[in-house]
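These protein sequence lines map, in sequence, to chains A and B.
First residue of the first sequence: 2, per our numbering; consecutive thereafter.
First residue of the second sequence: 12, per our numbering; consecutive thereafter.
Warning: the hint list may mix true and false statements.
[What the hints assert, rightly or not] Rough simulated footprint, nothing fancy, chain B against chain A, three-plus residues with beta-carbon under 8 angstroms:
#, region
1, 21 to 33
2, 38 to 46
3, 251 to 265
[To be verified] If you want the footprint, here are the derived chain B segments under chain A, 3+ residues with CB under 8 angstroms:
#, region
4, 220 to 234
5, 259 to 265
6, 294 to 302
7, 310 to 318
8, 357 to 366
Since the hints were derived computationally from the structure, they do not count as laboratory data.
No residue lacks a Cβ here, since even glycine has one placed at the ideal position from N, Cα and C.
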Amino acid sequence: MTRRLAAFSFCLTAALAQPALDAPRAGCVRGTDGGLRPVHGITGALLAGAPATWSVVAAACSDSLALVKTDRSLEVRDGGLALLARWDAPAGAALFALPRTGQTGFVYYPGTGQLLQVGVQQAPRTVLDPDALHLMVMVADTSGPRLVRISTADGTIDSQAPLQDVAAPLALLSDGTIVFADGTGLVIRPPDAAVAGMALPKIRPAPPRQGIVTERRMALPAAAVSIDQMGGVWLAVRLADGSAPLALRLEGASQRTCRVPAMGTAQ
Amino acid sequence: MIPRLLLSSLLAACCALAQQQFSLKALPAGPDYAPGQTIDFGTVPVGVPSTLTFQLANNGPGRLVLTGLTLDGAAFQLGRAPAGVAIDVGKSIEFTITFTPPASGAARLGELWVEAAGQPRAEYDLAGTGQGQAAGAFVEARAEDAPAATPEATPTPTPAPVWPSGTVVAQPALVSGEQSTISIQFEAPLPVDGAGTLTMDHTGGGDTQRGFILPDPNGTFVPSQVSFTLTQGESVARFMGNPGIVFQTGTTASTLTFTAALGNGTQLASQSFTIAPAVVGIDLALLETATGGVLVTVDGYDNTRTASTLSFTFYDTTNHQIGQPILVDATAQFQAYFPTAGTGLFGLKQAFNVTGNAAAIGSVSVSVTNSQGASSKVSQ
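Use the sequences and the hints to build the structure in full.
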């Protein structure tokens, strides 16, 4: 214990620093009307505000960054959805990967096959940061769904592992957990051996929390039609019945869900 | 003055028309009605129901979600009211209104309101003339029609439908920071079709995140009042076609009263629910490394808005406690924050400087105290 105390002694002055209080930020959600709304609140008490921008084709938000695709542009916005940069982009959809925090992310344009790194301080570029190690993506094409590990140094594929019984829409979380639709439910699959074997080197020891250890299924009111990254810890699941989007957060061995209401707008 | 008033009215009408996404017409061959116009049922024998069918069409540019179709006036009855449906561009829905004059004479008798998400509410006057039986005109006063004309003869009362007793049910029970489904259940099948509103009033603290969530694609948030329809033979009210509507309780202790009433004010059900003061609800505790130390984020709610002291207990990656809990008195910060927040929600960030290897810190247990006690949560 003495050794630990020596290793982790806290600076008293810092401990006495006063906390900062604000409305809890949960991320952003794209409406079927193309509006991108900031979401504040907690589980069971979320509320999406007035749209920060319109004509959004695809978007993903983290705690600190939002990547927003309109028909012909890619926008970088901060966690509050304030515009930081706008770049030309090919028409059509986009897929995103964003860490929970940080100032960079990845965008993939299915229409052109481009995989880009983009951030607050940099224009999108295909020559990726050689220090960023690797990127893991799920690919579902004629070869079947599989997990692909890509070098961010030169974009080459390091390795691939087939995925069994997964279906779109789906999402790959940063710890290797896969969330995918199955009928009128979602399957939450923990990282399996194949995923673990491809996992990135552990830079920081994992916290001693219990993650998901067994695959589980979660019933939904209707079939899922999309799964988007709503925030640092939230996914937004849009349902086929046209009802309000569902927010999903995985927490240890359980998951929490609630509807995401939105303030009414008159366009 | 008159030309100016006329101009103002015209401008208002033009604006209303410009914003209106839907059109209303009587079937089979019209006429079309603009908001503010009178729908005249013509002359109908006293006591004999006369039904007109109307078509509500979506003229675009987007999908139209009909949130309310309500009617005022005892001589009129809304039937086959399809409120709660989404109407695609170019599509339409139909509904009926039945006029049954209780006495002879002509009068402006009622109003029809059409409400759609994101649209200005449209109002139409309803009129009709009763013929035969008792002589003289009859007038049913509306709230805004004062003073009402004095009837020359005692009108023959129309047998009003006897509505079964109703109950407002919340499932699951209402507590802070949750979403429950509210339904209106009747002890017997409904005698006729109808429509009304469910209103939520509160005593105690208000909350900007408390309200109904419409089952439309954007989950439109409605703070205090939603429309419902009643269908003859059913035992529940329907909200946009659903037997219940999601209600977000917010994060403030209070007593909530839900009252269901018809368009003419007839109360069908009323129920109060008390959301008791509770310990702080911690939804999320996050630990992350930051420059020179660690940052702890705590998202939660305090439905008493009396939060004061926080306690942070750190653990290493093998789950051994590191030192003693660190106490932070945030009373002043909470007291300054809550009056401007409008809710009991809070997102707190507390930074800690660390001497040593901050990466070896595995987790933190956060405890928050308010007037009801202390609650805690371990970081993800």
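Outcome of the hint check:
1. Check on the region 21 to 33 of chain A: 8 of its residues sit with their Cβ under 8 angstroms from a Cβ of chain B, so the three-residue criterion for coverage holds.
2. Note: the region 38 to 46 of chain A has 6 residues with beta-carbon separation from chain B under 8 angstroms; the three-residue rule is met and the coverage holds.
3. Counting residues of the region 251 to 265 of chain A whose C-beta sits closer than 8 angstroms to any C-beta of chain B gives 9, which meets the bar of three, so the coverage hint holds.
4. Coverage of a stretch by a chain is defined here by at least three residues with a beta carbon nearer than 8 angstroms to that chain's beta carbons; for the region 220 to 234 of chain B and chain A the count is 12, and the condition holds.
5. With 4 residues having a beta carbon nearer than 8 angstroms to a beta carbon of chain A, the region 259 to 265 of chain B meets the requirement of three or more and the stated coverage holds.
6. Check result for the region 294 to 302 of chain B against chain A: holds, 6 residues qualifying (beta carbon to beta carbon below 8 angstroms, three or more required).
7. Note: the region 310 to 318 of chain B has 3 residues with beta-carbon separation from chain A under 8 angstroms; the three-residue rule is met and the coverage holds.
8. Interface restraint, the region 357 to 366 of chain B with chain A: holds (10 residues with C-beta to C-beta distance below 8 angstroms; minimum three).
Violated hints: none; the structure is consistent with every hint.
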